[in-house]
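Engineer: What follows is the residue order along each chain.
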Amino acid sequence: MSDTAAARLGPAVVSVTTRDARAVSSVSVFMALLRRDMVVARRELISFLVRTALQPLLGVMVFGFLLPHMGFAARGYTATLLPGILAISLAFASLQAVAFPMMADFGYTKEIEDRLLAPVPIGLIAFEKVISGIIQGLIVVAFVLPVARLIMGPIAGLSLQNLGGMVGVALLGAAAFASLGLWLGTAIPPQQIGLMFAVILAPMIFFGCAYYPWAGLRTVPVMQIAVLINPLVYLAEGMRGALTPKLPHMPLAVTCSMLVAMAVLLWWAGLKSFIKRAMS
Amino acid sequence: MTLTETEARPASRASSEPAIRTRALRKVYPLPGVKRGKPARPTPGSAPAPSTAPAPPTEVVALQGLDLEIAQGEFFGLLGPNGAGKTTTIGILTTRVRPTDGQAFVSGCDVVKDSVAVRRRIGVMPQRPNPDRQLSVRENLVFHACYFGVPAAVANARATELLGTFEIADRAASKVEQLSGGQQQRLMIARALIHDPEVMFLDEPTVGLDPLARHALWSTLRRIHSEGRTIVMTTHYMEEADQLCERVAIVDRGRLLALDTPANLKAQAPGGTLIELTLDGDATGACDLARALPGILRCESQQAVLRAFAERGGESIAGLIRAAENAGRSVRDVHFAPPSLETLFISMTGRRLE
Chain A
54 MSDTAAARLG PAVVSVTTRD ARAVSSVSVF MALLRRDMVV ARRELISFLV RTALQPLLGV
114 MVFGFLLPHM GFAARGYTAT LLPGILAISL AFASLQAVAF PMMADFGYTK EIEDRLLAPV
174 PIGLIAFEKV ISGIIQGLIV VAFVLPVARL IMGPIAGLSL QNLGGMVGVA LLGAAAFASL
234 GLWLGTAIPP QQIGLMFAVI LAPMIFFGCA YYPWAGLRTV PVMQIAVLIN PLVYLAEGMR
294 GALTPKLPHM PLAVTCSMLV AMAVLLWWAG LKSFIKRAMS
Chain B
4 MTLTETEARP ASRASSEPAI RTRALRKVYP LPGVKRGKPA RPTPGSAPAP STAPAPPTEV
64 VALQGLDLEI AQGEFFGLLG PNGAGKTTTI GILTTRVRPT DGQAFVSGCD VVKDSVAVRR
124 RIGVMPQRPN PDRQLSVREN LVFHACYFGV PAAVANARAT ELLGTFEIAD RAASKVEQLS
184 GGQQQRLMIA RALIHDPEVM FLDEPTVGLD PLARHALWST LRRIHSEGRT IVMTTHYMEE
244 ADQLCERVAI VDRGRLLALD TPANLKAQAP GGTLIELTLD GDATGACDLA RALPGILRCE
304 SQQAVLRAFA ERGGESIAGL IRAAENAGRS VRDVHFAPPS LETLFISMTG RRLE
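Just so you know, the sequences run in chain order A and B. First residue of the first sequence: 54, per this note's numbering; consecutive thereafter. First residue of the second sequence: 4, per this note's numbering; consecutive thereafter.
These aren't lab readings, by the way, just hints derived from the structure by calculation. Some hints could be false.
[Said to hold, decoys possible] One side only, chain B facing chain A, incomplete, derived with CB under 7 Å:
1. V100
2. R123
3. G152
[Claimed, not checked] Mimicking BS3-like on lysine-lysine, the simulated pairs with C-alpha atoms at most 30 Å apart in a straight line are:
4. A:K325 / B:K116
5. B:K269 / A:K163
6. A:K329 / B:K269
7. A:K163 / A:K299
8. B:K178 / A:K163
9. A:K325 / A:K163
Glycine is no exception: its CB is placed at the ideal position from the N, C-alpha and C atoms.
All chains, please: the whole structure from these sequences, using the hints.
Structural biologist: Below, the structure written as structure tokens:
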């Protein structure tokens, strides 16, 4: 800007309206933060879907279409697989929707600082991120469910009667995994993101009872107990309880209670880690 | 609408509360990777470490007991070299850094206990531009205003106005990484202003700008200040503090060394022009010879650097160089400085600012 430009700025650099400096509602700030995330998410929708839904859908292609067609998997396997695939999609969409932006925002550029200056308690900014992660997770599930059904063909035992139950389980699961994303995104240095996938996320997928029901693990009792630490188990079993109620699954009350407990625990850990990064 | 002092900020103007007040403010950062309270034990069999050996530092003291009071509407400068504690001070005042000890208030609100109220009143321009790279230039402004509860329609109108004011209107729809350094700097000031803060914090606002852009930014800052806003600026440019600030605090290593108007501070500077000679070796001998020279008010040496305050700088230089040569040294570099904040800083700390 030239000096002459500065000189013709007029009497005030910005028009100032009289307002009460004390009146800022947390709700309106929260909505503004959420709107920002939704604007960004809409712009990146295609790449986000590819990032989060492509891998589960490839799993659907192989395990839900090719293997049954080749006769390597029973036709009925798709009913066990579909809820598991939905659980994986939801979990990793919610997790990534929070963890990746956190890593970038707290990285070298410290872009999140403009939001940390907002006149609301810092925890609300973390909470908004989790809500935004939940919304993005649900969007991915809404995309994966019909596509997976299309690839697998008719699924014996699939019932959409308990859609409310499915949405409830999905909400709780998304909350748990978005909170996990908050934790991992603020606690893990960006250069170790590859390690995070190899050491945390890959075992979580394979031992998450997504490709097999938890009841099936009774043949390996140690495993059946060990996997109970994995939140994906409850999400997958909860999805089974809602979508394929006639097939073996954990009771919905158990899966929902465990998802609530895990969401609370992971939110607490995520919030603590977020505040540690936000304040020095 | 033109801002007048009486109608713009009745709440802040009515109170006699200073814009900023800090009391015995202290900040200690633990060094990463060093555990406190666990000094390394000598391994069995090895000789005990001599007691005179300094313990390895486990923490960095960034601020040691800072007391400041900045009046409403003041243009205040924090001047000091890198590592002086300027950014930590701004960090505490903008609620991003927790003080280890002491208190700090912005418009009477405690930065720790009432951080939300503090954030409502402040605008911050960071040391390094940190725009939201996911958003366009205009969205950066509009969303930032909305984070402060400004209604969207008002935010949009203000964004349009500020984009024009800061001459980035033609880049409104661009991604922020397409802006030049100077344009990003202007976007950061516009963002700090869009929610109409009472107090503006600017952390090294002109670092990395060319002289033309720097002078333009100065004009803008003067104008923002003339609207009645309090401005707290850190800088390590003497000229900048001298040109803009009504009062300047000189800080070094976390301590306040001096606090006054630039004019009064300059009056405290040692008389005469500072002539600083860098020699090819220890300057003690040359310093002893230089003291005897006519027109030299004061002379001191610090390793290879000889500092002399002379009544008339130009006339003394030849004598000083001769004194250095007579002491068996040759001169590598010469630096002149008329009485200024810079000579005051050097006489206080024995170091140059830049």
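Engineer: Hint by hint, where does the structure go against what was stated? Just the numbers, ascending.
Structural biologist: Failing hints, ascending: 5, 6 and 7.
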